[in-house]
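Asker: The lines below spell out each chain.
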Amino acid sequence: MTRTSDTIIEIRDIKKSFPGVKALKGVSFDVARGSVHCIVGENGAGKSTFIKILTGAQPASSGEIRLNGEPFAPYHVSDAIAQGISCLYQELNIVEDLSVEQNLSLGQEKHKFLFPKRADNLDKARSILANFDESIKLSDKVSNLSVAQKQIVEITRALVTDCSVLVMDEPTAALSLGETTKIMRVIERLRDSGMTIIYISHKLSEIFEIGDSVTVLRDGEMVATQPLKGMTQTDLVRLMLGKVVAEQYIPSTGARDETVLEVRDVSTRKLRDINFDLKKGEILGFYGLLGAGKTEVAEVLFGHDCRGEIRKDGNIINMKSERDALRSGFALVPEERREEGIFGLLGIAKNVPLMNMKTVMKNGLVSGKAERDLADKYIDMLQIAASNRNHPVALLSGGNQQKVVIAKCLNRDSDIILMDEPTRGVDIGAKQEIHNIIRDLANKGKSVVVFSSELQEITGLCDRIVLMYDGKVRETIENGENIDTDYILDVVAGKEA
Amino acid sequence: MKYLMHYLQTDMQKVILMGILAALMIGLSIASPNFLSITNFTNVLLKVAIIVIIASAANLLMITGNFDLSVGAVLAFSGILHAYMSKHGVPVELSILITLIVAMAWGGVNALTVSVLGINPVIATVGTLFIARGFAFLIARWDGGANIMMGLPRDFVDFGRDPVFGLVPLAIVVMVAAVAIFIFIEKRTALGRKAYAIGANLKSAKLSGINTVGIVALLYVLVGLFAGLSGVLQTSRVGLASPTVGKGLEFDVIVAIILGGTSMLGGVGSTFGMVLGALVVGFTANGMVLLGIPFYYQTIAYGVILIGTLLLSQKFGTRAKA
Amino acid sequence: MKKLLTMAVVATGLTVAPALAEDKIVLGKIPYTLEHSYHQSIVEIFADHAEKYYGAETIVVDGQANSDTTLTAVENMISQGVDAIALHSPDIGMTATAVAKAHAAGIPITTTLIYPESKNAPHIAPQEALSSHRMGVVATEQWIAANPDKPVKVAILDFGGFEQVVALRTAPFVAGVKSIAPNAEVVAQQNGFGNTVKSMEIMLDILQANPDVNIIFGANDDMALGALAAAEQLGRGQMDNGVPLTEVIAGVDGGENAMIKIFDPSSSFKLTHGQVRDNARAEVDTMVAMVRGELPMDSWMEIPTLSQEIDYWNTSLAGAQRFLQENFSFDGSLEELLSN
Amino acid sequence: MQVQSKLMSLVKNQNFVLLLIFIALNVYFASATKSYFQVGNYFNMLTQNAALLFTAAAATLLMKTGNFDLSTTANLAFSGVLYAILAGMGLPLTLAALITLAAGSCFGVVNGLLVTRYDISPFIATLGMMFIGGGVALLICDGQSVRNGLPANFMGLMRSEVLGLPISILIAAVGVTVSWIMAEKTLIGKYAMAIGSNKNAAALAGINVDRVVMGLFILVALCASLAGIMTASRIGTGDPRVAEFFFMDVIVAIMLGGTPLTGGRGTVIGTVIAAMIVIVIGNGLNMLGILVFWQTVIKGVILIVAVTINEKFSFEKLRDQATPSKGDAGAGNGQTMEEWSLRRGNIL
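Those protein sequence lines, which keep their order, are chains A, B, C and D. At position 350 of the first sequence the residue is numbered 350 (our numbering), and the sequence of numbers has no breaks. At position 281 of the second sequence the residue is numbered 281 (our numbering), and the sequence of numbers has no breaks. At position 192 of the third sequence the residue is numbered 192 (our numbering), and the sequence of numbers has no breaks. At position 187 of the fourth sequence the residue is numbered 187 (our numbering), and the sequence of numbers has no breaks.
For the record, the hints were derived by calculation from the structure and aren't laboratory data.
So, partial list: chain D residues that the calculated Cβ filter (under 8 Å) puts toward chain A:
| hint | residue |
| --- | --- |
| 1 | Leu187 |
| 2 | Ile188 |
| 3 | Lys190 |
| 4 | Met193 |
| 5 | Ser197 |
| 6 | Asn198 |
| 7 | Ala203 |
| 8 | Leu204 |
| 9 | Ala205 |
| 10 | Gly206 |
| 11 | Gly264 |
| 12 | Arg265 |
For every residue, glycine included, the Cβ atom is placed at its ideal position computed from N, Cα and C.
Go ahead and model the full structure; you've got the sequences and the hints to work with.
Answerer: The following block contains the structure:
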């Protein structure tokens, strides 16, 4: 009786303001039943706020949503779930200390006087899980699962509750390529079974791979809603930014003939016989799937215990801690910006010198003036958008936070800078700026090691690329005009040469 | 004016404390004719001196996200130890020195358990509290009584009672010095900067090469030192060392720090705010005794001020931010 | 395992487990709190006396000034099967419960200082009220004699509302004061928590609000000493060779710390009263008599002991020296200490 | 092989280790003093600490959410005094008890409101209530313990026996069992764990976090209030200064039992065994005639050593094996820095 192309959700002029900020300035569009509807926009465009309203986590200030033609104004998350809208948030929202089964029913248990009744949908849950990943058992403790597996548990949880609309907020942000592909297949299967999916992502390739239509938000306003068919990535980016950003590999200008770092036969519990060199003024990329050992290589270079030999400028160095690594001339921009990079409560001026307090000390004391000057220098140099250098860094946008972390790292003035996922969760404009900063560094004679799970970033940025698979270095290739991305994918996916 | 607005926005709690303090001053001046006098202010300062001296160090410790519940016991232990040694022939100066070293060792125990071994400070420092308090009683008992007073040499008491420059009591001088030292550490030294960083984000601090274990350990030792110093000062001033002193002092210290705007989670706070917090508590207690109010109202007032200040600053703090 | 080892080592190192020999009488003594020297002394004399005169064992469990802990101690002693219990309780109501429990188990019990309203067990009754009254009289007389023009103003430090402290100490003291100076006024009464440092802080505030206070009573010596320290800090606390100048301070217990001040002619802490030895002996004697069946265990009997009043003007130094030796196992010389 | 691995996992089970310690202590005390290992003594220990047992069991649930209550001592004293006052006024004991429980639960309501509605940290909120409650307890009786006009059956509650068991032991058994059922068999335990482990996830899963936390604060307050009634009935008077260290004992038992202050895990069984260990040590040392000051020292040493063993040996190894590589662990904690800082900015 209903056609698959009819409208399931109508959104009419949704507005939301927080004290001092208008997060949404009137958003209206329709979502077709059984489609994958993507929402894109830069950080701060209002995507997260919109999702929170749609899923009942926050009320809208004004406007109306209709679900299946009926007015829909969820008062609480459980209202939305009861009416068939489930959401996968950007952060994993499962409870590590509970089992898979307990997580699947969390908050939705049927009960009598708070005693849970035996779940009647366990078989269903088991079969859904098996569909995605047979190795996950209902009795497994979630803390023992990988990130992708946790994500699958979250998806399963939504499916078990019989939702008709599944909202996914950057589900692949923390996933490796292989795992992303897996999730893409899952989404396709869900769509084919008639579910409506609202999909939010920074990764344009994914959107074009699975999306049917797209809504573009910019600064809290809806810029466009249109089918993806017939659009190009450039079209979409233009809509998002109002300007086109193309990324092309530009080789570093340095001579790159002096070896500053030699890593020989380094092994840990997760790495086997790692060998590579790093030249002065070079950007070296590490690429591989999640679990291939990129992060572990970064850890070894930043003072983690290992067997094997690391030579810097020809001398064997022996590092036992992060502080040893810093002393030996390494600096790290860590993967988890919020948890390992910034000091959210402190202002930019206090964040920047923390890796190298000497730069703001005069006669053994901290000089306020030196601190301010230093902060201004980096705000200027890295184009950090902040109204005030004492503003808590936690209140800055993701890209600007990342720049603060980089500034802190640059201030160390180390010879070798390690960057683990330097642009994760950063919007496209800031990403470009960060890449320029990295190139600049290399051109000034620093050596940069970039660990990234984004191939585009690696090929657009690095002079040489180390390909990793299963804790081993598979191959080191020179970047160039005609780099073969298909070949790279084959190597990191473990395909034998 | 603009500066004032900025101040209002960022330091709401301090403003509220100043307001409470001003209201207390005005109210008490009207209610009690004996309130407004130099001796009374000296009394209040002497009373809060012990709290402020310890809280100066403990404040920076809390800024790193840690705290110490053993300060009261270490204070009692140090007082008793100092008295015991002085009584049994150790020169007062040497005795003070040894006491301070032992007090630092108590801080070292906390440093070891909390900072190095990573035990939760609640349990670890309560353990130290029990041990130090138990030994305080035992030392007094080994001396042959429940406290030590008789046979203390004259210069033992003189140390605590003789005013500095014939004007200011030593405890107040030490208090001012402690506050000055820690404001200085907070504003002008790498130690202060790093303490804030540790409290703001421990993991980032580690990856930035900050010696997190060492700094937290150092601060525990400093808190021990200042608790010991307070014990020596208090014992000397009173002229009697009792193992029962300082019960509940750990809460007084924490209340002063929290009232002053330091977060238990670390990362924010200031020595200046802590001093304000201690003064509010001190003047409230002083005023209530001056007015002859029974002591249990003081306990209630304590709780009301603590919760009330936080609620107020929350209310006005958010409004100012909006 | 480590923990167990620590436990074992520590415990065996410290224990002299009292062997509950069949033929020996075992006496249980529950002091109010071992944190005060008065109670440390009484425990010592108690055990000594029990051993010397009756060959009896003593088990001591601290009541820690807390009715819950004290009752727990009573219950545990009952289950340990001691022959008799001596209880110095912090609370009247709880004492009734403890006595009832001991009697239900057929164990004789004595109470000290605090007795249950049921009045069904022998009670050691130090005559504190008498001496407190006398201190009030002496202090007021001395003050008025030296300062006839200054009306008597009293400040009191107590334990915060314990009724027995009111009945035995503060109320009789005030009555004594008023018997000499009917217009005397109690201008401040605050909780000194039985603690010298707290008392000092609070007395500073009291003297600030009421600078005309001239008689101070601390409901134990620790509080009186705190009051003295406060007075000294304000440049008071002095006497001119025993003639009151600024105020007169009185305490209770009579330990050596207090005594040395009382007999210092220039200090204003001048009176106290106390009794340790007789209380301890009376407890032991009564208990053994009950165990032997010479005394009924469940009928009221008051065994009065003198809480000796000691003050600078009426007690000789030799008398004070003897008091300390008898009650606090004092082995020094008061005279020598005073001359230092 | 299998037996061995089972044995290994048993050794790594924290509760099993605690149980071993408990048994070892009993063996030691039983051999060191003959008055220890007797039915009467165990009855004594349980009667005296019945309140601690069921309050700690209930507070375990609260601690699992990452919250705790320092005001239990104040509540206990306040409730005991109020109960005695009401009974002394001639109210039937049942009615007096009900009114007292209602008044005592207000502690939980205020604590809960301050923590959930006003985002004040549980330490500060309940510390404030500790001061206020303690003051009010002294205020309503003017600092004097209440025993005037108490009915003859005032102590009946703690004197009566059912099937030869003192009623207080039964109350403790029922209380502990109820808490255990709540923790293990009902959704409350699961929700408490979810809230402590990942508050965001719990909220987004549709759990009313505030209501659960509030409910548990009230539960703990009710237990503390009942503890007050039982204590008053046990000692036969409403004493405002009773059980000074009750709150500390409760928290120590919970933490020794393996529930961290931050919540997320822990068991009622662990708490109960840990509480029994604390109780047995106190009783045994008294039976051995060890000076109270040495007992204090020993208590401190045991506390530090036991928690060190708990945290460093049995548990951490388990965790190490369970935790996947660092890269995977990242997104676990739901509370983001921004939220933290904003919240802190508002509160402090």
